[in-house]
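Given these sequences and hints, build the entire structure.
In the order they appear, the protein sequences are chains P and Y.
When we follow this note's numbering, the leftmost residue of the first sequence carries the number 63, and every step to the right adds one.
When we follow this note's numbering, the leftmost residue of the second sequence carries the number 10, and every step to the right adds one.
Treat the hints loosely; a few may be bogus.
Subject to a maximum C-alpha distance of 27 angstroms in a straight line, what follows is the list of computed DSS-like cross-link-like pairs (lysine-lysine) [to be verified]: (1) 140/Y - 240/Y; (2) 327/P - 140/Y; (3) 234/P - 171/P; (4) 140/Y - 179/P; (5) 140/Y - 202/P; (6) 202/P - 179/P; (7) 171/P - 241/Y; (8) 327/P - 202/P.
Pulled from the structure, derived: some chain P residues nowhere near chain Y, Cβ distances all over 10 angstroms [what the hints assert, rightly or not]: (9) 104; (10) 184; (11) 185; (12) 251; (13) 252; (14) 327.
The set of hints was computed from the structure by calculation and includes no laboratory data.
Yeah, the Cβ is synthetic: ideal placement off N, Cα and C, and Gly gets one too.
Chain residues, written in single-letter form:
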Amino acid sequence: MKCPSPAVGERGGLQVTLTLTGQEDRIKVFDQGADESVNAANLRRFIARMTGCSTTTDTTQATILQSRHRIPEEMLRDDQILVLQVPDPEPLRSVEFDTSRAQEMHAFKDYGLMWLKLYEQLVRYGSFIQGASYPVMVHKRYVMSPSPIPRWDTPKLNQSAHLTILCAGREKRIYAIPPWTDVEPLEFSDRFFHVEDHSEWVCRLSGVRHKFMNEIPLADGTSGFELSDTGYLSKALKSGSDPAQSAGACYFDADGHFHQPGFLKFEEGDARKE
Amino acid sequence: MMHKLLSIQPMLRVTGANHRYGAIDALRDVSLEVYPGEVFGIVGESGSGKSTLLRMLNLQEVPDQGKYTIDYPDIPGCDLFSLDRLERQEIRTRHIGIVYQNPHLGLRMHNTSSGNIASRLLIAGERSFGKLRDAARTSLSASDFPLDRMDELPARLSGGMQQRVQLAKAIALRPCLLLLDEPTSGLDLSVQARVLDTLKKLQRETRMTMVLVSHDLGVIRTLADRVMVMKKGEVIESGLTDQILQDPQDPYTQELVYAKL
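This is the structure in structure tokens:
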């Protein structure tokens, strides 16, 4: 059987998912939040054929979710497993090219240089500009790269009910975040981690706000926004602009507040302060 | 100065350092004592072992034999050579600063100048952005660096400016020991003079203990209180700088002093 995806990506996640999945499972595969993208559709069909499992696009119905780039908007439960395809598993690579030296830094918990990267972003751009792979401190000990996910999804890993498994095929590296583990985005004591500010953006299909959006170029030359999580979008479309009627609870509520109050901090005078 | 030195304890002491690289004796029974607030010079030609010795003082390397103690409140009087790599790194970060001849060894060229200073504090555990900025400003002004250029990459700065960034990085945590490895070699003379002025000013204001390695006797004469002459890994003469440079006893030292183009 030929592998349904190009040799460069997805293999890590695919291997983990194939290992975990049995006939009784129901899998959801999505890429950039979309269930219907070519990669996601191919992988879903392949996994179902190989394992005999059933498939779904509904986050709340899945037992195993394989994703690239996103964690669903709806909260995962303790009976679900999230598999992330990881392009770059080593958070220290950006500050230390020497892999053996990087291993030593992990062993010594010598992570100061990771903050240097954040310092440089603040100095040059005035804010943390890292779009994905925002480094996190796991269980107050290990700095980890939650590699493909945007900043928006990073806090969802903190004290989450579900198990997250991350796998990089090329590097043959697999790592995991156990349920109920502290996962804290790196930040300064006086300059805090923030998720992308999509507060002014409204999904042009569903009217939903305060979720992660894709910017879509429109025929008239302007652009509009659409929910990135298509599973959530279809629920929102079913129930008007109040997805709460058909969708489960979300990590960010309808007003954009994170479900763990106080976990995301705001500087004095920030309008987003709760 | 001498009577003062006699009444106080040395702040740094190395005894019986021996080290071989393969068949080469890099250090042969080297001992030295440096007193608080003193600038101690080490001279010698290339291959005399002065850079090896400096690397050992910086705890980057440990000699085959020898003891090394620094008398400082935070560091117990133990032999620093006997510590493991992590402990040595810890002491290096907190208590020792170094300026290299080659700025590529001392600076992260792809980070801003202020970021280079911040890195030092970050490794020591500082996590306040405001404090990092303040510390960068303080150390950069102490090394006479123009603050309006603090966020430029070192790669875009002149050689003299790069040395000032290195110096600021080295003193950012107020180390008890500052090591200078040919800090002004490779700079043109007028720039060299100005960097030396900064070092002198810093020494006067902070009374920081310094060990200065140089093959340039002019630099040694300007900065060092005492000097030690090395040849083929051995100490062949040491004493007050004026004394050694004016009245060298050893034929090798005489050669060094009188060798002029």
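Hint by hint, here is what the structure shows:
1. Using a Cα cut-off of 27 angstroms, the hinted pair residue 140/Y and residue 240/Y is violated, with the two alpha carbons roughly 45 angstroms apart.
2. Taking the CA atoms of residue 327/P and residue 140/Y, the gap is near 19 angstroms; set against the 27 angstroms cutoff, the hint holds.
3. Proximity of residue 234/P to residue 171/P is assessed by CA-CA distance (about 23 angstroms); at most 27 angstroms being required, the pair is judged to hold.
4. About 16 angstroms separates the Cα atoms of residue 140/Y and residue 179/P, which keeps this hinted pair within 27 angstroms; it holds.
5. The hinted pair formed by residue 140/Y and residue 202/P meets the criterion: a straight-line CA distance of about 23 angstroms does not exceed 27 angstroms.
6. The suggested pairing of residue 202/P with residue 179/P holds, with an alpha-carbon distance near 19 angstroms, which does not exceed 27 angstroms.
7. Of the supplied pair hints, the one linking residue 171/P and residue 241/Y is violated, its CA atoms being roughly 40 angstroms apart against a limit of 27 angstroms.
8. Between residue 327/P and residue 202/P the alpha-carbon distance is near 18 angstroms, which keeps this suggested pair within the 27 angstroms criterion.
9. With a least beta-carbon separation of about 39 angstroms from chain Y, residue 104/P lies farther than 10 angstroms from that chain, consistent with its non-interface assignment.
10. The claim that residue 184/P lies off the interface is violated: its Cβ sits roughly 6 angstroms from the closest Cβ of chain Y, which falls inside the 10 angstroms cut-off.
11. The claim that residue 185/P lies off the interface is violated: its Cβ sits roughly 5 angstroms from the closest Cβ of chain Y, which falls inside the 10 angstroms cut-off.
12. A Cβ of chain Y approaches the Cβ of residue 251/P within 10 angstroms, the least distance being about 5 angstroms, so the stated non-interface status is violated.
13. A beta-carbon of chain Y is positioned within 10 angstroms of the beta-carbon of residue 252/P; the least distance is around 5 angstroms.
14. Every beta carbon of chain Y lies more than 10 angstroms from that of residue 327/P, the smallest distance being close to 13 angstroms; the non-interface claim holds.
Violated hints, listed in ascending order, are 1, 7, 10, 11, 12, 13; each of the other numbered hints is respected by the structure.
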